[in-house]
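Undergrad: In case you want the letters, here they are:
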Amino acid sequence: MDLTQLALSLKYFIPEMVLTGFIVVAILYDLFLKPETSHRVGFVAIAGLVVTLGMLYQQQGIPATGIFANMFALDGFATFFKWVVAIGAALAIWMSLDTKELENRRVGEYHILILILVLGMFLLVSATHIISIYLSLEMVSIMSYLLAGYLKENSRSNEASVKYVIYGAFSSGIMLYGLSLLYGLTGTGYISEIQAQLVLGQVSPVMLVLVTVLLLAGFGYKISAVPFHFWTPDVYEGAPTPITAFLSVAPKAAGFAVLIRFFNVALSQGDPNTPSWLALPGLDWPMIIAVLSAITMTVGNVLAIQQNNIKRLLAYSSIAHAGYMLMGVVVADQTGIAAILYYAGVYMLMNLGAFFVAIQIKNIYNTETIADYAGLGFKAPWIGIAMAVFLFALTGLPPTAGFVAKFYLFRALVQFGDGFLWLAMFGLLNGVVSLFYYMRILKAMYFDKMEIPEKLTAVPLHFNVLMFILVVPLLVGWMFGDPLSIWAAEAVQFFF
Amino acid sequence: MGEVIFWVIWALVAVSAMVVAFSKNLVYSVFSLLATFIGVAGIYIFLNADFLAVTQIVIYVGGILVLLVFGIMLTNRIVVAKITQSSLQRTTGLVVVGAIFLVLVLTLLNQTWPLATSAAEFDSTVNNIGELLFGDYLILFEVASVLLLGALIGAATLARKEL
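Chains R and P, in that order, are what the protein sequence lines are.
Residues 986 to 1481 in the working numbering are what the first sequence spells out, letter by letter.
Residues 48 to 210 in the working numbering are what the second sequence spells out, letter by letter.
In case anyone wonders, no lab produced these hints; they're calculated from the structure.
None of the values given here were measured: they were computed from a predicted structure.
One should not assume that every hint holds.
[What the hints assert, rightly or not] As a list, the in silico EDC-like pairs of lysine to aspartate or glutamate whose alpha-carbon atoms are at most 20 Å apart:
# : chain 1 : residue 1 : chain 2 : residue 2
1 : P       : Lys208    : R       : Glu1144
2 : R       : Lys1019   : P       : Glu209
3 : P       : Lys208    : R       : Glu1086
4 : P       : Lys208    : R       : Glu1021
5 : R       : Lys996    : P       : Glu189
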């Protein structure tokens, strides 16, 4: 390999390099800060993310290309997910700045670890070689374990971290076994070359199914699909709430990115950028994913009904949403993937928003139990209205962007033909179930009688600004020609 | 001769791995892990992967295992502690695991695996690994350094006394 060739790739790697630079700056800056002022590292982190986004913007219009000996790809698909991840991270860090849970402790490392997590996801969404996929997946996982256990004196947080580690190690071990089988069968690590080998048809279908199932253990764990979801409620409950919010959107989106890229390139035939693309003969993975999707959304929604803790409820709801997004993977053509991209963007806003309300209520009234939300709609009207918007969006009701996002998913599924109509019906039924438990929160906030608890603190002004930033796009973002959907449709472009 | 040695190593790995999993005494588990690691290094040697074999010994036997032994020796009364591996739902588990095992064995046997074209001369892999690590895989080498930096920061954060 010619080193000048590698050096040429550097100009396509500017956002990642800028991010790494800011990680180093944040580490050095943290050394000069006392524990009381260590939250200032968060400002450096947000600044770093903003500059990174600027660098991402400057990459617009570069045709899909492989970089660093095709270990990573720079294409529209990866770039879209990088935007989602970086914006989600900036919002999560913003939420962390005034959270009671993180008060009176050093938080410098907290922000540094988030930045490294973001770098890991940047790499994960663009990885095109099994080693780069595995390395960046581990980078994401290890940073998530550390962040989930950041509240050291809190036994729930310890439990979250340990459970996360054990499940994570187990499922990534299973996935690694699958990858090693795939490497043994094809003799190459590049996912496009794996496809070239597999289409020759020398691998028995049973073997392919086996490999697919082993791989799904790793990817399914990252997106918390059933039956790899057991860690989700405990981790989401125990982790610091801003981290829960972040983990429920960004690594999930990144997990979907790598899942789609792997299945559409390695386990398919033909160029994924063309409509003539098909799943591998003998390996009906759309059906496997369809079954997984139906089970995931049902389990998530049904188990969410009986939850009393807001973080656990949102954890199960996030499992259900993974099921909805898997519906798009089933179709996996241009419309299906565009629908997933759109959903990932909207889901980032609405889920971060719902968790943000949980953070605020925890700050002000020190409770996470839904029954204690009684009357909050009148006591804290702005929070109440915002929560209503987020919950309407999560349910998929108009006039929010959540409705549009679900609509695109269902449309992709129905347009595909009659084969997966049953899945669409499943999705609709699940929507009704989810309506029940989302509205239970609203019912508590607006219709339940209560004695009003004392406010412990006032809401800082910048939190109101953040709430506004989260609510407004959900309400009006889909109007004015729906720029996000246009971008999502353009972003379906793979390096192949 | 080579075949006999191979099967001896194979048996060593399998038996010692079972002791690791089923022993009720943590110290026995750790010491049979030693045999497992060394046996795996032997398998690497059979695959002509000399660098990997040495790495296996240096990192797993020399590093990780010693750390484990120290961890156990320095922990109070851990030697007396009985570990329970009684598992729930044995029958269900056995059926599932048996089915997976069967599928694995059948598919591994039925699959025609692409074989290396020349199994002849032993040639040291160190040069090739070095060139690949600083050529095609250079970026992954760099990414791993950031990953290790993060792990280090995280470990220090979790281990320090103040909040």
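Undergrad: Would you list, in rising numerical order, the hints stated earlier that this structure does not obey?
TA: Violated: none.
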